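Engineer: Protein sequences appear in the order of chains A and B.
Heads up: the first sequence is residues 1 to 295, going by our numbering.
Heads up: the second sequence is residues 1001 to 1137, going by our numbering.
Be careful, since some hints might not be right.
What the hints assert, rightly or not - Computed Cβ-Cβ distance ranges for the label pairs, DEER-style:
no., chain 1, residue 1, chain 2, residue 2, range
1, B, E1012, A, I184, 22 to 28 Å
2, A, E197, B, L1125, 43 to 49 Å
3, A, A138, B, A1107, 38 to 44 Å
As the list claims (entries may be wrong) - A few chain B residues facing chain A, derived, Cβ under 7 Å:
no., residue
4, M1001
5, A1002
6, T1003
7, K1013
8, L1014
9, L1016
10, I1024
11, A1028
12, E1029
13, P1036
14, V1043
15, A1044
16, E1070
17, L1079
What the hints contain is simulated information worked out from the structure, not anything from laboratory work.
The model shown is predicted, which means the values in this text are computed figures rather than measured ones.
C-beta atoms are modelled at their ideal positions from N, C-alpha and C, and glycine is treated no differently.
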Amino acid sequence: MANLKELRGRINSVKSTRKITQAMKMVAAAKLRRAQSQAEAARPYAERMARMLASLGQAVAGNPDAPKLLVGTGSDQVHLLVVVTADRGLAGPFNTNVGRHARNHIRKLEAAGKTVKILTVGRKGATYLKREFASRMAGEITFQGKKRVGFEDANAIAERLTGMLEAGEFDVCTLIYNRFRSVIAQIPSDQQLIPAELPEAAAETASGEAQAWYEYEPDEATILAQLLPKNLAIQIYRAILESAAGEHGARMNAMDNATRNAGDMINKLTLTYNRTRQANITRELIEIISGAEAL
Amino acid sequence: MATFDLELVSPEKLLLSRPVEMAIIPAAEGEMGVLPGMAPMIVALKGGVIRVQENGAITEKLFVMGGFAEITPTRVTVLADEATPLAELSRSEAQARVKKAEADYEAAAASATPEEREGAMDRLLAAREMEQAAEAA
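Can you build the whole structure from these sequences, using the hints too?
Structural biologist: Right, here's the structure in full:
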């Protein structure tokens, strides 16, 4: 049986761990609220954008010289995966879930004979995927040391993607990120960015609005050329925000569990400690009594 | 008087969503007054001020930094790259942006392709608009 001093030491160390995890939980909770409201604030823009793109895209989709961002390059040989994760760990299975999702996706694509390239956003995804797919890494982006990720950051990624597409470095681009469903549920999901997935026009007519014929100023092609990169940026922005909200939610959960586990452990250790102490006292007493009796 | 729903959103938030009588929006090819019942249109925006009219008077002015507007007979949706109520514009920031845009334009004028030059010019004009709007506020 462990001696008392050792037990005391362990109890103290678990207690300080509990303090840390509790503090991290509080911090995550505060950050979560901010991240969540930021994600919610970005939603209307993304929705309106999708609506506008739906009405615009249909008019151009059949056109052979429609922009590449909308219809792709016409081939689907080279796939680029943009994997969005957190920069920090200690968030339960948050990062590994996305990583695993990405890995399965890559395996599937490679089994089908496609070439895969990976662009990671967030440090954790990079370290996870580099282990296995080092040769396929096309780049990594992190927001480490940044207090708040703004639209400009997403825009920079979108510009990079557009540049790569123009240079013919990939044909299909898919975004993999943790969708924020609730504080306790983040779902790793993928979304195709290029060629753009057009939302169904049926949704528009179903909402009671007649399909309108639009006039364009200056003209359709110019507007589309501006709208598509913006749509790309907004999709990425949304994914980053959702992932950020999910990260804090996951961390809050993980830290809550850790705090609870530490509490259980402290109880167990305290019980052992008290028992050992009692046993020691009893033993000493017996020794004294049997010593006295022997006289 | 008849109204239509005006929605103004920027990537960061939803700034405005309510029925108004008229909105004047800075379309790429000149300012444009929008009244209820207008033919459906999609326009690109340049940097400028959106003015909102309710009950016969202009009630709100917001500066937008480029974007798009979708106009239907009953609804106008403005997707702005950036949008700030005029009262919150800061003059010093606007001036800093004009300076930066001027420098960018100088750089672009020397080397870049015509499209890039045009883009830089647009940004410069938008920044100047912002400065003017900030001064007027």
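Engineer: All hints are to be evaluated individually against the structure, with a verdict given for each.
Structural biologist: Now the hints, each set against the structure:
1. E1012(B) - I184(A): 22 to 28 Å: Because 27 Å falls inside the window, the suggested range holds.
2. E197(A) - L1125(B): 43 to 49 Å: violated (34 Å)
3. A138(A) - A1107(B): 38 to 44 Å: violated (28 Å)
4. M1001: With a closest approach of 23 Å, the M1001(B) hint is violated.
5. A1002: Since chain A brings no Cβ nearer than about 18 Å to A1002(B), farther than 7 Å, the hint is violated.
6. T1003: violated (18 Å)
7. K1013: holds (4 Å)
8. L1014: With a closest approach of 4 Å, the L1014(B) hint holds.
9. L1016: Violated, about 11 Å.
10. I1024: I1024(B) check fails; min Cβ-Cβ to chain A is 15 Å, beyond 7 Å.
11. A1028: holds (6 Å)
12. E1029: Cβ of E1029(B) sits 6 Å from chain A, so the hint holds.
13. P1036: violated (15 Å)
14. V1043: Where the cut-off is 7 Å and the nearest Cβ of chain A is about 4 Å from V1043(B), the hint holds.
15. A1044: holds (6 Å)
16. E1070: holds (5 Å)
17. L1079: Nearest chain A Cβ about 6 Å off; hint holds.
Hint compliance for this structure: hints 2, 3, 4, 5, 6, 9, 10 and 13 are broken, all remaining hints hold.
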